[in-house]
Each structure stands twice: as structure tokens, then as C-alpha cells.
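**Q** Each chain, written out:
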Amino acid sequence: MTAASEHEHEHEEHGHEHPAFLQHHFDTPKQQYDAAKLGMWAFLAQELLFFSGLFVAYGIFRSWYPDAFGAGSHELNRTMGAINTCVLLFSSLTAALTVRANQLEERRQASVLMILTIGCAFAFLVVKYFEYGHKFHDGLLPGQYFGTPRHMIDHEYMALNPIAVVGLAGIPVLGIASLAQYLRGGKGAGWLLLATLVWIGIAFGVFHTGHIFATPYPDGETPDLPDRTHVFFSLYFVMTGLHALHVIVGIGIWFWILRRNIRGDFNKNYFQPVDNSALYWHLVDLVWIYLFPMLYLIDYVPGGHH
Amino acid sequence: MSSDHDHEHADDGGIHAHVSSAKLYWGIFFALILFTVLTVAVASVHLGAANLAVAVIIASAKAALVCTFFMHLSHDNRFHALILVTTVMFIGVFFAYTINDTGHRGIDSGIDPQSGAHTYISSGEKAPGSWERPAKLEHHEEGAKKDEKAPEHH
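Order-wise, the sequence lines are chains A and B. Sequential numbering from 1 applies to the first sequence in our numbering. Sequential numbering from 1001 applies to the second sequence in our numbering.
Hints listed in this document are in silico derivations from the structure and should not be mistaken for laboratory results. Source: prediction; values computed, not measured. Be aware that a few hints might be false.
[Stated by the list, open to error] Heads up, simulated EDC-like pairs for lysine to aspartate or glutamate below, C-alpha to C-alpha not over 20 Å straight-line:
#1 Lys1126/B <-> Asp227/A
#2 Lys128/A <-> Glu75/A
#3 Lys135/A <-> Glu75/A
#4 Lys1023/B <-> Glu105/A
#5 Lys1023/B <-> Glu75/A
#6 Lys135/A <-> Asp67/A
#7 Lys268/A <-> Asp138/A
#8 Lys268/A <-> Asp1112/B
#9 Lys37/A <-> Asp1076/B
#10 Lys30/A <-> Asp1076/B
#11 Lys268/A <-> Asp1012/B
#12 Lys30/A <-> Asp1101/B
#13 Lys268/A <-> Glu106/A
[Stated by the list, open to error] To spell it out: a stretch of chain A is covered by chain B in this simulated footprint if at least three of its residues, at any positions, have a beta carbon under 8 Å from a beta carbon of chain B; those stretches are:
#14 19-31
#15 175-188
#16 232-240
Just so it is clear, CB atoms sit at the ideal spot from N, CA and C, and this is done for glycine as well.
Please work from the sequences and hints to get the whole structure.
**A** Quick look at the structure:
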């Protein structure tokens, strides 16, 4: 028994198994959890800082061109914005509840909540799709494209658009990667094939809606809005677009975490992937909490300064 | 064996993280919805410049709720809260210094009602790089759609 006191601090002597979920460079699950969480918070700090760049730009241009911002904000659909806010708040709730379910090792409840979170994310994107569609149709486009009559933006222009070209390149890349994985016998060939098909679907959808650009304006006139409204819409599309990109990434993350949860990876000593995914999702919600009033709810008094 | 027993008591390495009640989460959710309704309601009241301030304050209250309860900052290692607070402070510095600069520019300039461009008041000269209102487009015929060239945009 005296020998035991000498080896008090050697975990191996006490028969502590190193569970599969515990990385070899960590001593205890708690240490792993703390380290992962700290890293996640450092990442969240970075996300906040880079969104702040856009918010500062917003602050500057709003103070310089209050009329344009008021009129631009008036063109946005507040109801859709409010719906999106509530949808994201609810998804934040389900994300927090799913972490709790994983802490209590209630796997089925956790899966249901993850599916709800993903569902809310999709609902958000669907509402965004309709919003953007209205903007395109009304000529409320970012920067130099603002107010441009539709006949000038046609299929040929869309096809030569460098972003479209780069986007299309993703299809052969994913397709070849899928084939290569399949031939190598590596994992994930099925997922890559699915990704290829999804990419083709998205490309089809984007080019299909591109014909909205080709629909001529009824009278060929630009919308009757204050001079620098295109600045507002530049900021609107970049801020909400970057946010929507984060939502899409979040959907991917939740699908992956859902799969891991169904597989039974998580337990009360290993749930930080779920926790960190939820932290990311809360950040996405946080950004929208600020975006909504700043973009959609600008006070607008036609013809007057405010 | 007593040393084993002490060791298990003191630290078995398990996470033992605080588990919040579901009721708390639902409560915070309804508070957030309430604040959202408040934000929309206040937006329809004309308060002038105060509208932005009020909107940001309410949004910050919502953000504080999300951070403290949904993101567990209240029960976490204090360092995580420190990371968030210092980030917000640096964002504040970013805002303050930038707006202080841009807000005091153009003392001697205004926006020309004719061209919409920033112009120097004393000389009437257009400020370099200032955006100008583009020329109005003529109405186009249906058949001439493809032939028309786009006007200069900048």
C-alpha cells in the first residue's frame, strides 16, 4: 500500500482508461473540454471582429447619407425580417436545449432538437430567398447594378459573370473528388457525390432565377429613390449575404453533429462538439439580432431629415 | 486504498458542467421574443437620431441574454467572458476612432443638388472621387433591347 502513495498522481496506476473520445494529449475529459471551449471562444472573438468591420462601414455611411439609408430600409420587408428574427431565436433555443440533452445523455431528444435547429436554418434561408428575389426584381441591387433596367442584365452577362464561372468549377471538382475517393476505396465518396448533385442543383437554381434579371422593367425607369441608395443596398447584400453564408455553413455543421450523435459518439464526458456547434450557432443568431434593427428598422420620414 | 479513494473524490477528470434547466431556456426565449416585439414597436415611433441608439440598446440587451444564458457565460470559466468583453471593447475603439474621423470630414464641403456630388463650398469644385448622379436613360424600344449599350457607371 505504501507503493500506491508514491504513484498517487500517475493515472495509469489507478486504472483510468483513456476513453476513445479523449485525445492522447489531454489528461482528463475536463481538460479537453476546457481547452476546446477556450479555442471556440477565441474563434468567436474573431468572428465578432470581422463582422464589426461591416458594422463600422454601416455606421459611417448611415451618418453620411441618412436619406438614402432611410429610403433603402423602407424598401425592405419588415415582416419577413421579423419572421427571420423569431426563427433564428427559436433555433438558438433548440441549439441550447440540444447541448443540455447531450449533457444528460438523452440522445434521441438531442437528435430531434438538432433536426429542429436545421429546419429553422432552412426556413431562414427560404425567407431570404424570397426577399432577395423581390430585390432583384425591383432593381434594388448592390452598387453599380442598382436601378439598372432589366434588359441590360441578360443571360449572356450572367454566364460570363466571374463568380458564376468560379461557382460552376465546383461541380467538376466535387465530381472528380467523389470519383477519386470511390476508386481509392476511401471514405466519403457517397457524401462527395451528394455534394456534387447539390451543387448542380444550386447552379441550376441560380441560373434559372437569373432570368429575373432578363425581365424588362415595365417603363425602363430607375426606381425613384434618393441619390446614394445603392450604398445602402451594397451594405445590405454584403452583410446579409455573409450572414446567410454563415447559416449555410452552420447547416453543414449541424448535419455532421447530428450524424455523430446518431452514431452515439457523445456522452456526458464528451459533448463539446455539440457545445461548440451551439456556440457558433448562437453567434449567427447574435449577428442577426443586430442586423435586423440596423437594416430593416431605420426610421424613414419621406422628404425630411431625421 | 485510502489514496485511491481520495483521488476519486478530489478529481475523476469528468466534466461536471452545469446543466441549466429547460424552463430557464424557454424563459429566456420568450424574453427575447418580447424584446423583438419591443424593437419593432419602438421603430414605428419617430425619435429621430435616438431611434438608432434605442435599437442598439435593445439589441444589446438581447445579445446579453443570449451570451449569458444560451452560451453559458454565467457558469463558465470567467476567462471566456473576459474574451467577449475585451472583444466588444476593441470593437468600441474601432467605432469611436473611425466615426470620430469620418464624422469630422468635409467641413468645407456639401452635396451639390444638381450633380449629387460632394463639392467644395468655397470653390464649387467637385471633390476628387466623389460619386455623381448618372445621366437619365432614354426609354428603349422593345425590339432594340439587345443592341443598346449600357451607360457609364462608376
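**Q** Could you run down the list of hints and mark each one as holding or not?
**A** Going through the hints against the structure:
1. Lys1126/B <-> Asp227/A: OK: Lys1126/B and Asp227/A at ~16 Å, within 20 Å.
2. Lys128/A <-> Glu75/A: holds (15 Å)
3. Lys135/A <-> Glu75/A: Roughly 9 Å between the alpha carbons, so the hint for Lys135/A and Glu75/A holds.
4. Lys1023/B <-> Glu105/A: Cα-Cα ~18 Å, so holds.
5. Lys1023/B <-> Glu75/A: violated (39 Å)
6. Lys135/A <-> Asp67/A: holds (19 Å)
7. Lys268/A <-> Asp138/A: Given that 20 Å is the threshold and the Cα spacing comes to 52 Å, the pair is violated.
8. Lys268/A <-> Asp1112/B: Status violated; Cα separation ~66 Å.
9. Lys37/A <-> Asp1076/B: holds (10 Å)
10. Lys30/A <-> Asp1076/B: holds (13 Å)
11. Lys268/A <-> Asp1012/B: Holds, at roughly 13 Å.
12. Lys30/A <-> Asp1101/B: violated (47 Å)
13. Lys268/A <-> Glu106/A: holds (10 Å)
14. 19-31: holds (count 5)
15. 175-188: Check failed, 0 qualifying residues.
16. 232-240: violated (count 0)
Comparing the model with each earlier hint shows violations of hints 5, 7, 8, 12, 15, 16; every other hint is respected.
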